[in-house]
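K.L.:
This is what each chain is made of:
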Amino acid sequence: MRLYDWLLRLYPASFRNEYGGEMRPLFARRLQQGRGAATLGIWLSTIGEVFVNAAAVHVDLLKQDVSYTVRGMRRSPGFAITAILILTLGIGATTAAFSVTDFVLIRPLPFRDPDRLVMLLETTPGYAGMELSAPNYRDWKAAATSFESLAIYTGIAVTMTGGSEPRRLSGATCSADLMPTLGVAPIVGRSFTADDERQGAARVVILSYRLWQTEFGGDPDILGRTLVFGDAPVTVVGVMPREFHFPSSDVLFWVPARFTGGDYQESERTNNKFYGVGRLKRGVTIERAQTEMSLIAAQSERQHPRENKDTGALVYPVRDDVSQRSRLLLLALSGAAGCVLLIACANLANLLLARALGRRRELAVRAAIGAGRERLTRQLMTESLLLAAVGGALGIALAVAAVPLLAQLVPSGLPISSTPTVDLRVLAVAAALSVATGIVFGMAPVGRAGRSPDLDGLREGTRAGGGQKEALRSALVVAEIAASVVLLVSTGLLIRALLTVQELDPGFQAAGVLTLQTDLPLPDYNRVVTREAFYARVVAEVTALRGVTSAAFISFMPMSSFRGGMWPVSVKGDTDEASGIRSANNVAAIRYVTPGYFKTLGIALKRGRDISAGDSRDRQFAAVVSESFAKRYFADQDPIGRHFTFAFADREIVGVAADVKFRGLERKSEPQVYLSSQQVDDDMITFYAPKALAIRTGGDPAALAPAVRDIIRRANPKLPITDVQTLPDLVDRETASRVVQVRVLAAFAAVAFVLAAVGIHGLLSFAVSQRTAEIGVRIALGAQRRDILAMVLSRGVKLSLAGVVPGVFLAYAAGRSMEALLAGVHPADAVTIAGAVGLSVLMTIVGTLAPTLRALRVDPISALRTE
Amino acid sequence: MNEISKEAAGLLPLPPATFHILLALADEDRHGYAIIQDVEARTGGELTLSAGTLYRSIQRMLEQGLLVETRDRPAPEDDDERRRYYRITALGTVVAKAEARRLTQLVKMARAAGFAPGKA
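Listed in order, the protein sequences are those of chains P and H.
The opening residue of the first sequence carries number 327 in my numbering; numbering runs sequentially from there.
The opening residue of the second sequence carries number 616 in my numbering; numbering runs sequentially from there.
You may find that some hints are simply not true.
DSBU-like cross-link-like pairs, simulated, lysine-lysine; straight-line CA separation at most 30 Å [to be verified]:
#1 P:K389 with H:K621
#2 P:K467 with P:K635
#3 P:K994 with P:K599
#4 P:K925 with P:K987
#5 P:K635 with P:K599
#6 H:K712 with P:K389
Computed far set for chain H versus chain P, every beta-carbon distance over 10 Å [what the hints assert, rightly or not]:
#7 D653
#8 A666
#9 R675
If you are wondering where the hints come from, they were derived from the structure by calculation, not from laboratory data.
Note that the Cβ used here is the ideal one computed from N, Cα and C, for glycine as well.
All chains should be built: construct the whole structure from the sequences, respecting the hints.
P.N.:
This is the structure:
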């Protein structure tokens, strides 16, 4: 019989309590009738029967409760809609924010054992991470024991011709062991082999899945196909999987690096070209690898004291290749989402508590006519879970729709896809969250309803009981207000920071400038005279267009995809003269320009003159330097006419230009040197040959694009034209992730604001409705309207103050923790805090208004009649 | 169609256990065990209701208003304090009749199709 009792537990308690007592003797009698082997049969059939019937009874109850709930919701749709809305916003916002954070910061990278993958870089004073030079890579790799394998790569771009239009593609050059190091094999074809690295081997390429799909329509016969990169044929030997993005999502192909003896010459030791990526041996920690590499670097410095002066090694997880700023941006977002969730939960709890109080009579009546505690519990749970299920489903739908909108928050330099997705784990957490919300807040009213029979509930005109419950509800509202203040202040700070960043002077005037990028393929454009002919023709024709005031070419636009290009500077008399050793203290950005660049970009020339057409190869090599350059090397002298050695030649300063933030609005940029595009030897430094065109117009810059494209196509139809955009658009991209974050936070803050106001409103309305009789009595006894007004208002103000004061402190703490995002705005920024407090006052007034009016309209006679 | 028969029609077709319980209660009020015995006797041992099926059906039938629990106990010597007795309601009778009618119609159709013995 013990077994049968246990089986009975499968039935809902209400059913068991009702019929269990009768079912036991029935079963006992049946057992008695059967003897021997028949007993087993009876047990088996009974077990089966109990499972089926218990399930059926559960379903019956569920149907009953659901239909009861649905009827109840139809009667008071306000409650259901509010509760579902709160849940949707809370769960939707949280899921979306956490999905993106998880995608960028937490989810394992799509490589085999990604925890063992590390980056290996060189360090020099002033530079925490610099590419490896080929000789150092070779030496360090031979000496290191921490790695299972160690590979290198670097970004390249090629022009692919042969299609309808030449296309500029970003890709990577890598050592043959890159794919094995990452532990990812091509889905089609093969990885590179050591043979592919040999000089003179057939040129091969592995395509990214995206390139394979977009450019070749997923052609199954892609292997062996010959493409034209620049002017050289390359053969496709493989295609990588869809989720393989390395080193970043914009890389479309991989070609093997080729090393010659020349690459390992001593002079190459300061040519920092490659990023190292290694797979640690099992059991080797990052700390151990770092220690070993530091020792090896120190040894290397002893062997090559000149070239490797102050050169160290840096090892860190590939996963950490996320900038501090991106990380903070996402953490702030998650924190904000957490706040919204907290507010949503508090609000929902409050709503359910209020409803439970309001339903005391209904529940008491049901308990009085025989519904057991368990039955009522079950009913209330079903109700909350139903709300949670609907809210959760809508929240998840909201998250799925919102996540792609947050793509701007995904930093581009990561080896992951650029569009975040909601992942199953986050979805599971969100679903669990909705269910937990349902259970926790379902229990709150049950605690009250359970104490059956609740005779209090049956008494007519019950006054607001349970001061304790009201204290809990007040505490919940206070928490909501505090959290919303935190959100309001954080949003305010970030808006101020955004405005500050947007107001930063980039050093040029972006408005009215169109920019585009072309390529001058080698060897056609090896010779300076060929390039100059191209520049002259294009600039002349573009300048002739209506509205165009000037146009010029430069190596790279400021804030475009390439922001590096540092060259060592030596000033005559400098101790490091012509040493070619690069450190943060003696480098400058190298840029070649055609005449008119400063005028076109609106960069102020502080002293001297622009590069001119007269700065030809047979004249003294000229340079325009930035103000910071002049200050760094010629602090208390007149820089004009001074000489320095830079890019293999002696240069004379002819002008000083304003500093340009070429690395980005929020980054420190090195001093800049601008050289004449004519003053370089054929076949030298072609990487920096001007290929970016800037055009200033009085009209709409975007409207110029077709005409400019035509001009370049007429000059040379084989040239790719990419990155056609206005300069303001280019600058806006600098703040795009900030703008997205501020928008998301502002949306969160708005939700929090509304929810907190709803919370205040709900609590006060409830208090007023519970105290209608008391107010009636007071009025009857001669209390003035003013007193009633003061009574309700002071309650609202107290709530508000109790929330705002700790909220401001918490907001300050939050502001401190994201100071790096604030672009110099102080976390205790008075304007922001005053604004947030002002909004909170507004929130209090809005929330208090309706209940106050209701209290004022209390008619003493009808209020007392209900008593 | 009046209210009761409309409500009755909504409950058709009846699950077999429900119909048998209604038949068992047609002539007198019975407790659970008596219902099982009656059904067993009526079907010649073909159908033995399990305790679970019985009380699940009873619970549903109480909610549907086909049965009531009765407080009028039979003669004291037959009574067992622990037992609950059930009585068929007016609605229960109407529903049982409607179900019987439905089954008769079904049998008629089966005959016409040559699936059952008897007149067409």
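K.L.:
Take the hints in turn and mark each one as holding or not.
P.N.:
To see whether the hints hold, each was checked on the structure:
| no. | hint | verdict |
| --- | --- | --- |
| 1 | P:K389 with H:K621 | 22 Å, holds |
| 2 | P:K467 with P:K635 | 19 Å, holds |
| 3 | P:K994 with P:K599 | 22 Å, holds |
| 4 | P:K925 with P:K987 | 17 Å, holds |
| 5 | P:K635 with P:K599 | 17 Å, holds |
| 6 | H:K712 with P:K389 | 27 Å, holds |
| 7 | D653 | 14 Å, holds |
| 8 | A666 | 4 Å, violated |
| 9 | R675 | 6 Å, violated |
In terms of the numbered hints stated before, the structure departs from hints 8, 9, listed from lowest to highest.
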